[in-house]
Amino acid sequence: MSLLHKDILGMQQLTIGEIEDILNTAANMKKILTSGNKKTAYLQGKTVITLFYENSTRTRMSFELAAKYLGAQAANISASGSSVSKGESLYDTALTLDHMAADMIIMRHSVSGAPHFLAPRLGASIINAGDGMDEHPTQALLDMLTIKEKKGGFNGLQVAIVGDLAHSRVVRSNIYGLLKMGANVRVFGPATLIPADLAGSGARICHSMEEALTGADVVMGLRLQLERQEKALFPSISEYSQFYGLNEPRIQMARPDAIVMHPGPMNRGVEISGGLADSTQSVIAEQVTSGVAVRMAILYLLNLYRNQNHLGFGESTEPVLI
Amino acid sequence: MKDSKRIQNQEASGRSGASGVVRGGRVVEAASTLQVPFDPQARIGEDRDEVRDLFIRDGKISEAFDGPYDFEIDASDLLVMPGFVDLHCHLRDPGQEYKEDILSGAASAAAGGFTSIACMPNTVPVIDNKAIVSYVLDKAKAAAVHVYPIGAVTKRQDGVELAEMGQMKQAGIVAVSDDGAPVSTADRMLKGMQYASDFGLVVIDHCEEPSLRGGTMNEGSASTRMGEHGIPSVAEDIIVARDILIAEYLDLPVHLAHVSTARSISLIREAKARGVKVTAETCPHYFSLTEEACLSFNGLFRVNPPLRREEDRLAVIEGLKDGTLDCLATDHAPHHKDEKEIEFSLAKNGMIGFETAFALAWTWLVEPGTLTATDLVRILAANPAAFLRISAGSLQPGSPADLTIADPQARYTYDRSKAVSKSKNSPYDGFALQGKIVATITEGRLVYQA
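Taken in sequence, the protein lines are chains B and W.
Counting along the first sequence from 1, when you hit position 99 you're at 99 in the numbering used here, and nothing is skipped either side.
Counting along the second sequence from 1, when you hit position 220 you're at 220 in the numbering used here, and nothing is skipped either side.
If you're looking for bench data, these hints aren't it; they were derived computationally from the structure.
Some hints could be false.
As the list claims (entries may be wrong) - Here are a few chain W residues that face chain B, going by a calculated C-beta distance under 10 Å:
{"hint": "1", "residue": "VAL160"}
{"hint": "2", "residue": "THR216"}
{"hint": "3", "residue": "GLY220"}
{"hint": "4", "residue": "ALA222"}
{"hint": "5", "residue": "SER223"}
{"hint": "6", "residue": "GLY227"}
{"hint": "7", "residue": "GLU228"}
{"hint": "8", "residue": "PRO232"}
{"hint": "9", "residue": "ALA293"}
{"hint": "10", "residue": "PHE297"}
{"hint": "11", "residue": "ASN298"}
{"hint": "12", "residue": "PHE344"}
{"hint": "13", "residue": "SER345"}
{"hint": "14", "residue": "ARG389"}
To be verified - Simulated DEER-style distance windows between Cβ atoms:
{"hint": "15", "chain 1": "W", "residue 1": "LYS418", "chain 2": "B", "residue 2": "ALA285", "range": "55 to 63 Å"}
{"hint": "16", "chain 1": "B", "residue 1": "GLY156", "chain 2": "W", "residue 2": "ASP322", "range": "44 to 52 Å"}
{"hint": "17", "chain 1": "B", "residue 1": "ASN309", "chain 2": "W", "residue 2": "SER296", "range": "18 to 26 Å"}
{"hint": "18", "chain 1": "B", "residue 1": "GLY269", "chain 2": "W", "residue 2": "TYR249", "range": "50 to 58 Å"}
{"hint": "19", "chain 1": "B", "residue 1": "THR214", "chain 2": "W", "residue 2": "SER417", "range": "54 to 62 Å"}
{"hint": "20", "chain 1": "W", "residue 1": "LYS191", "chain 2": "B", "residue 2": "GLY200", "range": "39 to 47 Å"}
Ideal Cβ placement from N, Cα and C applies to all residues, glycine included.
Put together the whole structure using the sequences plus the hints.
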């Protein structure tokens with residue numbers, strides 16, 4: 001049971017074996033979460049820093065609690081409250097944290113590839129908590145843990161993902177992860193919000209809600225970033241909701257035992273109706289618990305990798321790519 | 001090194017206007033095939049590829065003579081070609097001398113076998129008036145190679161008012177361009193071409209529809225995988241079509257810079273077939289790299305137009321082979337480490353190009369048999385010289401003794417840290433290349449030696 005690299009950059013980089021290890025470890029971590037005493041000592045003496053250049057409530061809190069449940073020191077930096085606002089480069093900021101003896105840096109950045117840029121340059125492990133429109137691997141892993149718990153596995157499963165596909169790092173990570181594990185993925189959204197050559201990823205591009213939902217075992221809605229309307233990518237919230245929103249009548253097209261997921265935060269009444277979000281098919285709240293468990297698993301496994309490879313302060317093991 | 005012994009009496013060879021002989025080389029020349037702007041009957045050079053001696057007298061190519069020679073070069077097993085002509089480079093001077101300056105850029109050009117280079121006007125300030133043209137030419141007097149400034153089409157290259165093309169022509173510009181950006185609107189392009197034609201100037205256009213700009217790489221499977229904003233290939237095709245139609249409507253010449261898409265190339269091919277006065281260039285990165293190279297988020301691969309798909313790369317090679325693309329330009333675009341070796345989406349566009357152009361062309365085009373050595377000399381020397389209407393690109397007696405001596409068999413691993421350019425932003429670090437510049441001579445003067 002082990003990871004193959006010091007960093008978690010994306011689902012594109014993780015192997016099937018690594019994904020299985022993370023999900024199995026996360027299932028055990030969930031037991032700790034539901035036990036009376038959540039304090040463990042697996043990461044005692046380790047420092048975990050969350051470096052967030054974009055706003056986040058649940059991802060950041062989820063990582064922070066995961067670190068604390070494992071006994072690590074956790075500290076937070078946000079872009080507005082640091083020297084970032086004074087114009088310091090990403091590299092300089094991260095190098096500073098590295099030299100404060102951080103063991104793991106969890107980062108979210110508005111720029112795709114920002115964690116890929118830092119990873120080979122730092123001794124600390126980098127965990128990607130969302131980079132631009134690229135990937136959000138821990139979201140995909142928590143979605144996969146939830147799916148595995150509800151459906152027992154991935155093989156042959158029909159997963160429908162609906163909404164703004166172009167700007168979503170969640171959909172990209174889920175496509176890579178789910179396809180690797182043997183699920184089928186269909187996607188649907190406005191044509192202006194489907195990125196070029198998405199079919200090349202192996203996902204099936206659907207041209208109607210019906211095509212996407214019919215026979216689906218899992219239906220996942222994606223958050224619509226409302227500022228997209230300004231760029232003329234769709235005409236109005238009302239029209240978006242009418243043609244691309246998930247709701248109770250539409251979910252009837254899916255299998256009767258289909259589960260409904262959403263990465264949050266939700267725009268109720270836009271990409272998903274309040275009734276559907278609160279229905280018995282919805283597993284949205286359980287996704288949050290899976291999130292803490294998956295992040296505990298990743299911190300635990302990365303720490304194991306670091307110990308096995310004797311990684312410590314200021315050492316970078318991988319060659320600088322650039 | 002063996003090559004250093006090839007040149008006898010090196011001191012004299014560094015003198016301007018020297019006389020000498022280059023013995024036993026494979027001398028390759030080419031006739032221009034490009035339609036010369038405002039002079040459609042004009043041709044330079046001839047197709048010729050043979051082992052012979054080449055004589056230089058008082059800085060010019062000469063008929064055979066018995067000396068005395070200031071220097072002698074043994075060119076056996078080497079290629080001897082007219083010095084290359086680059087009609088598209090960025091020297092960053094004035095204003096961004098931390099990236100490159102006229103002298104360092106010219107030294108880099110010499111190291112790449114170029115003896116004449118035309119520099120784009122997107123400096124700080126922009127080359128949009130005669131004073132800045134004079135500044136460039138004055139500084140270039142000390143340069144290793146001939147430097148020809150290109151003036152802006154519009155003042156500050158902002159696409160609003162026409163720049164003082166007449167005065168700039170008198171001061172020494174060879175063409176006009178708003179490169180870095182397209183000429184903003186069809187109206188500016190039409191008026192710019194009309195006005196430029198009064199002074200015998202051609203507009204060189206950077207083809208990119210303004211409303212589709214703003215991405216970081218080609219729109220396609222790689223941009224989708226990386227989560228980067230894409231630049232669709234149709235952004236280039238639209239302006240290529242627009243410029244062709246305007247050139248046809250006005251019956252005036254237009255030159256299309258750094259063509260990178262399959263569709264643009266087919267549009268140009270069709271336009272040439274019906275007699276439109278369009279000429280075009282491409283760059284080595286469009287036949288040697290594709291969008292896949294960006295997948296590592298390495299900012300050194302960011303360039304505009306962006307690296308395209310494999311089918312575009314193959315179309316570029318076909319376009320060079322059938323003459324649709326007349327010239328190979330470098331688009332040498334130096335940038336500082338802090339502007340390139342950062343997050344991909346923050347990295348500046350552009351790569352240095354002088355020093356790798358010949359090797360890339362030899363490795364990707366000549367060695368596989370797609371182009372002959374003569375074809376290569378045509379796109380690197382004869383055609384660009386004919387387009388710019390400068391005294392270059394030929395080894396006929398009486399021509400300036402601008403020549404490039406290269407070893408076509410040399411195989412090596414490219415190391416960008418050794419670049420002569422002030423900037424080191426080449427994406428080809430670690431690439432296995434074949435073909436190496438051994439020496440470069442400008443007006444009989446040895447300006448570069450490996």
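Now the hints, each set against the structure:
Violation of the interface hint for VAL160/W is found here, the shortest Cβ-Cβ separation to chain B being roughly 26 Å, above the 10 Å cut-off. Interface restraint check: THR216/W against chain B, minimum CB-CB distance 8 Å, threshold 10 Å, status holds. A hinted interface residue such as GLY220/W counts as satisfied when its beta carbon comes closer than 10 Å to some beta carbon of chain B; here the least separation is about 5 Å, so the hint holds. Taking 10 Å as the C-beta contact cut-off toward chain B, the hint placing ALA222/W at the interface holds, the least distance being around 8 Å.
Below 10 Å, beta-carbon pairs count as interface contacts, and SER223/W has one with chain B at about 7 Å; its hint therefore holds. Against a cut-off of 10 Å between C-beta atoms, the interface hint on GLY227/W holds, since the closest Cβ of chain B lies about 3 Å away. Evaluation of the GLU228/W hint against chain B yields a held restraint, the C-beta minimum of about 5 Å falling below 10 Å. At its closest, the beta carbon of PRO232/W sits 8 Å from a beta carbon of chain B; the interface hint therefore holds under the 10 Å criterion.
The beta carbon of ALA293/W is not positioned within 10 Å of any beta carbon in chain B (closest approach about 12 Å), and the interface hint is therefore violated. Annotation: PHE297/W was flagged as interfacial toward chain B, and the flag holds, the nearest CB pair being 3 Å apart, inside 10 Å. Look at ASN298/W: its Cβ gets to within about 5 Å of chain B, closer than 10 Å, so that hint holds up. Nearest Cβ of chain B to the Cβ of PHE344/W: about 5 Å, under the 10 Å cut. The hint holds.
For SER345/W, the suggested interface contact is upheld, since its CB lies about 5 Å from the closest CB of chain B, less than 10 Å. Taking 10 Å as the C-beta cut-off, the interface hint given for ARG389/W is violated, the closest approach to chain B being about 41 Å. A hinted range of 55 to 63 Å for the beta carbons of LYS418/W and ALA285/B is consistent with their spacing of about 59 Å. The beta-carbon spacing between GLY156/B and ASP322/W, approximately 50 Å, falls within the hinted interval of 44 to 52 Å.
In this structure, ASN309/B and SER296/W meet the distance hint of 18 to 26 Å, their C-beta atoms being roughly 23 Å apart. The beta-carbon spacing between GLY269/B and TYR249/W, approximately 53 Å, falls within the hinted interval of 50 to 58 Å. At roughly 58 Å, the beta-carbon separation of THR214/B and SER417/W lies within the given 54 to 62 Å, and the hint holds. A hinted range of 39 to 47 Å for the beta carbons of LYS191/W and GLY200/B is consistent with their spacing of about 43 Å.
Violated hints for the displayed structure, listed by number in ascending order: 1, 9 and 14.
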